[in-house]
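**Q** From first to last, the protein sequence lines are chains D and P. One point on numbering: in the working numbering, the residue at position 3 of the first sequence is 3, and numbering is uninterrupted. One gets the working numbering by counting positions in the second sequence from 1 and adding 101 to each.
A few of these clues could be false.
To be verified - Partner residues are not named here, just some residues of chain P that face chain D (Cβ under 10 Å, in silico): (1) K695; (2) V701; (3) A705.
Stated by the list, open to error - Cβ pair distances, simulated, as ranges: (4) S90/D with V670/P: 56 to 62 Å; (5) Q697/P with R88/D: 18 to 24 Å; (6) I80/D with D676/P: 45 to 51 Å; (7) R52/D with G687/P: 52 to 58 Å; (8) V48/D with A690/P: 40 to 46 Å; (9) S89/D with A690/P: 32 to 38 Å; (10) E95/D with A690/P: 23 to 29 Å; (11) A707/P with E95/D: 15 to 21 Å; (12) W7/D with A707/P: 31 to 37 Å; (13) E680/P with G17/D: 47 to 53 Å; (14) G687/P with V48/D: 46 to 52 Å; (15) T25/D with E680/P: 42 to 48 Å.
These aren't lab readings, by the way, just hints derived from the structure by calculation. These numbers were taken from a predicted model, which means no experiment stands behind them. Note that the Cβ used here is the ideal one computed from N, Cα and C, for glycine as well.
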Amino acid sequence: MNVPAAWYLVLAALLFGVGAYGLLTKRSALIIFMCVELMLNAANLTFVTFARTLSDVGGQATVFFVMVVAAAEVTVGLGIVVAVFRRRSSTSVDELSEMKG
Amino acid sequence: MAHVATLILLMPLVGFALVMLLGAFMDEKQVGYLATGVVAVSFVLSVLTFILLLHHSSREVTVNLFTWISVGTLHVPAALLVDPLSITMCLFVTGISALIHLYSIGYMHAERDYKKFFLYLNLFVFSMLLLVLANNLVLTFVGWEGVGLCSYWLVSFYFERDSAASAGKKAFVYNRVGDVGMLIAMFLLFSRLHTLTYLSIFAKAGTLTPTVATLVVLTLLLGATGKSAQIPLFNWLPDAMEGPTPVSALIHAATMVTAGVYLLCRMSPVLALSVPGRTTIAIVGGVTAFVAATIACSQKDIKKVLAFSTISQIGYMVLAVGVGAYSAAIFLMISHAFFKALLFLGSGSVIHSLNGEQDLRKMGGLAKFLPLTFPTFLIGWLTISGVPPFAAFWSKGDVLANVFEYSKLLWLLGVLTALLTAYYMSRLFVLTFRGTERFREVTEGHDPHESPWVMTAPLVVLAALSVVGGLLDLPWVHRDSLAGFLNPTFGFIPVIGHASGLAQTGLAVVDVAVAVLGILAAFSIWRAGAEQPRYESSFLENVWHWDDFYDATIGRPLTMASQFGDDVVEPNIIDGAVEGIARSVGRSADGLRKVQSGFVRQYALATALGLAVIVVYLVARAG
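Chain D on its own, in the form it takes in the complex (with noise of 0.2 Å):
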């Protein structure tokens, strides 16, 4: 069975769009962070469509290198979000605003 490339990139735009809407409206740092993946791996499905389409390997390449990235930074992120969690007993983005100017 074939898929037409067009409907892996409408799943990646979907994907992207569920991520950047929950990025924008919930307060949970731990719920921001599955957004972001979320976004992370709806690029990576593009990335992988067109190094399909294009046989061209350098896109899987790049998603290899996407997926090491990304899961070094959920590692040091999760590290903040417990770091704070254990300070505030919230993990609120919201509050955390001793920063600003």
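Got chain D; can you put chain P on it based on the hints?
**A** Leaving out everything else, chain P in the frame of chain D:
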């Protein structure tokens, strides 16, 4: 000969280096005699070079040391030019310097900065020799600046005194104004001739247009007026008397101040191209000679009288250069070095014996206390007054005879100056050595004492030279004497009909007559007493209000401009600009910090919107 000529130059530098490096391990005597010794050796080497040059096939020997600057078409070698003019200068510069070094050993005895004094003095001699021996304008300029710098150091040698410090500054600033003139002359010559070496300049000088030649001559004259203390830049020399007396004798009478005259003589082939330029030189010289002589008549400080006298005598030399009598100018320069060094050193001996007193009104009747200073000063006085057979009678007579052929008006000015010279020098002589003893207050009742031999020996030598100096160039043997030796160097000698024997005798009679007249007038007036304000007009005493004029036209407007800058420009415009920028950055930052609200979602929204804008822009552009 090349090595000997190089050594002339290097000896004082060696002395400088030795005193600099080893001075700490030497006592006063050793430093003094070392510094004197190297200059004396320099003199012996100059004599040797002179003899070698006399027997050399060519009278122009260039000694190449090394290439100094080589950029594009500018090639400046560090090279010496040994020719009759430079070797004549070397002979009298090193000779007089050696005598004055010796004198300084006694005069500067037990001074605080004794070693530093000799350090400067040796460096000065080196710079002066570099100035006269250089074979191009750039190297001459190095020496020119070197002597100016040493002059600055030595004028303000007693720098704790405010007057000495500001006198040094004044000398330096006036000289800088002249230096600009010399630099412009160099730029002009290089832009037209593409060389700064004397011999090549002379070879190509014919291609200069009359306008450029006149400009070069006038800018050179500006340089010369700075260094040689001529109108309009003469005011620094009287103030320079703040330095120790040997310095006044060496730098501000015998050697450095003649550098301007030397430069003009050296550039004689260029001077030959511009009649207006030479006329200007003659007028500047004649007027300076006269103005300075009038001022000298009313000064109360013994050294100031001699300072104005020096300005006046250099005026004669410049006048001689202007009328094209270069060898007469050099002749006067040499004899002037003899008798003016003698007079300055004699006055130093007087000042020394009176515990540093310089006021003529507090001297008088010193003749019997100073058995060696008195007769030598007497000779110096008769010499400068123009009494035959002493040196200045011949040299000044030579200048005046040449001026007479050129312009009767300038000659009259010269004769009037000679009259004044005899007058003010006799006044100085009477007030110092004759009349009542007015010094008891200064010496606290003691008798003044004669100076040690190191100070009197140079006086005797210089007095002897002043007596016989005329032999260098007696009028009836011009061809075989100094003039005959020098003239090939000057190339073009403006042809002015030589006066007949009878006319020359007549001129000499006039010279003697004015000398006698001046002496008699001074004696009849000043024997009566030292306080005669009637003969010392305040106009003359205040130097024709020349300093006041500069103060009013240059000094005060500049001070006002600076004050304006301090009061208005600095706080409002400069500080205003700097602080205004700081304030506006601060204000905009105050506005911008509200953007950083602390709400992460707001940042994310801003990012998303920014991205949207970029996408829309890219799409729109692609479409």
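**Q** Each hint needs a verdict: does it hold in this structure or not?
**A** The hints, checked one at a time:
Contact between K695/P and chain D, as hinted, is supported at the beta carbon level, the nearest pair being about 6 Å apart and thus within 10 Å. For V701/P, the shortest C-beta to C-beta distance to chain D is roughly 4 Å, which falls under 10 Å, so the interface hint holds. Annotation: A705/P was flagged as interfacial toward chain D, and the flag holds, the nearest CB pair being 5 Å apart, inside 10 Å. Between S90/D and V670/P the beta carbons are some 60 Å apart, a value that agrees with the proposed interval 56 to 62 Å.
For the hinted restraint 18 to 24 Å between Q697/P and R88/D, the CB-CB distance of approximately 21 Å keeps it satisfied. In this structure, I80/D and D676/P meet the distance hint of 45 to 51 Å, their C-beta atoms being roughly 47 Å apart. The hint said 52 to 58 Å for the Cβ distance between R52/D and G687/P, and at roughly 56 Å that hint holds. The supplied range of 40 to 46 Å is met by V48/D and A690/P, whose beta-carbon atoms lie about 45 Å from each other.
Checking the proposed 32 to 38 Å range against S89/D and A690/P shows it holds: the Cβ atoms sit about 35 Å from each other. For E95/D and A690/P, the Cβ-Cβ distance of about 26 Å falls inside the hinted range of 23 to 29 Å, so the restraint holds. About 20 Å separates the C-beta atoms of A707/P and E95/D, a value consistent with the hinted range of 15 to 21 Å. Hint check: W7/D to A707/P, Cβ distance near 32 Å, so the stated range 31 to 37 Å holds.
The hinted range of 47 to 53 Å is satisfied by E680/P and G17/D, whose Cβ atoms lie roughly 51 Å apart. For G687/P and V48/D, the hinted distance range of 46 to 52 Å is satisfied, since their beta carbons lie about 51 Å from each other. At roughly 46 Å, the beta-carbon separation of T25/D and E680/P lies within the given 42 to 48 Å, and the hint holds.
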